[in-house]
Amino acid sequence: EPEVTQTPSHQVTQMGQEVILRCVPISNHLYFYWYRQILGQKVEFLVSFYNNEISEKSEIFDDQFSVERPDGSNFTLKIRSTKLEDSAMYFCASSALGQLSYEQYFGPGTRLTVT
Amino acid sequence: AQSVAQPEDQVNVAEGNPLTVKCTYSVSGNPYLFWYVQYPNRGLQFLLKYITGDNLVKGSYGFEAEFNKSQTSFHLKKPSALVSDSALYFCAVRDVDTGRRALTFGSGTRLQVQP
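Quick note, the sequences are listed as chains L and H, same order.
If you read the first sequence in this note's numbering, its first letter stands for residue 18, the second for the next number, and so on.
If you read the second sequence in this note's numbering, its first letter stands for residue -12, the second for the next number, and so on.
No lab work stands behind these hints, which were simulated from the structure alone.
Hints are not guaranteed to be accurate.
Claimed, not checked - Here chain H is said to cover these stretches of chain L; the calculated rule only asks that three of the stretch's residues, wherever they fall, bring their Cβ under 8 Å from a Cβ of chain H:
no.	segment
1	33 to 46
2	75 to 86
To be verified - Some chain L residues judged to face chain H by a derived CB distance under 8 Å, without partners named:
no.	residue
3	Asp103
4	Phe108
5	Tyr119
6	Tyr122
7	Phe123
8	Gly124
9	Pro125
10	Gly126
11	Thr130
To be verified - Computed Cβ-Cβ distance ranges for the label pairs, DEER-style:
no.	chain 1	residue 1	chain 2	residue 2	range
12	H	Asn4	L	Ser98	38 to 44 Å
13	L	Gln31	H	Ser67	47 to 53 Å
14	H	Thr39	L	Gln31	23 to 29 Å
Glycine included, each C-beta is placed from N, C-alpha and C at the ideal position.
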């Protein structure tokens, strides 16, 4: 069964450093998403991406964040200058087009620790 | 704004007994509703969805959920719990009428099935 994959599984970085989290969505999916879950809190939507542009973003997704689809398979989330409060589990998700597009399929997550 | 409430942090049930995990939602328009399950160190796994049609929807692993529009609820149920069902369960909603794809999640309910 096709899966969303994410690398790395755990990233430790120092405050102020840039990080790039990587995702490979399911191959025939066209909508891509990033969510995050701060420890002990809800899963929160960050951004959605379709047709090579951001289609929707939350208040959390400020200028420190950016997303990119650099090639036909990868989808990345960049945090330019990490803060302690960026420590969280980051989930990538993807969904198909049309009637199959309702559910989003999630990857295993990247745990980001900012020290 | 859309929101989801999962009033129970934890549900305990004996193996073989029926289980219910509660979810209520709030959207300005019509909802798409989802249940996801998270096992330790894994991503969010899609269980089932309500889009339209029958109020009782069936999903993976014998789970089902009942959509109740008047009570704005979407409780997850299973007739006979298994120890392997022990996990964290998330309810999520998407507002159909806004056209937004972002999912809003509840805080999660930990299901513990005792042998």
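Here is how each hint holds up against the structure:
no. : hint                          : verdict
1   : 33 to 46                      : violated (count 0)
2   : 75 to 86                      : violated (count 1)
3   : Asp103                        : violated (19 Å)
4   : Phe108                        : holds (6 Å)
5   : Tyr119                        : holds (6 Å)
6   : Tyr122                        : holds (6 Å)
7   : Phe123                        : holds (4 Å)
8   : Gly124                        : holds (5 Å)
9   : Pro125                        : holds (4 Å)
10  : Gly126                        : holds (5 Å)
11  : Thr130                        : violated (15 Å)
12  : H:Asn4 / L:Ser98: 38 to 44 Å  : violated (51 Å)
13  : L:Gln31 / H:Ser67: 47 to 53 Å : holds (50 Å)
14  : H:Thr39 / L:Gln31: 23 to 29 Å : violated (49 Å)
The structure shown violates the earlier hints numbered 1, 2, 3, 11, 12, 14.
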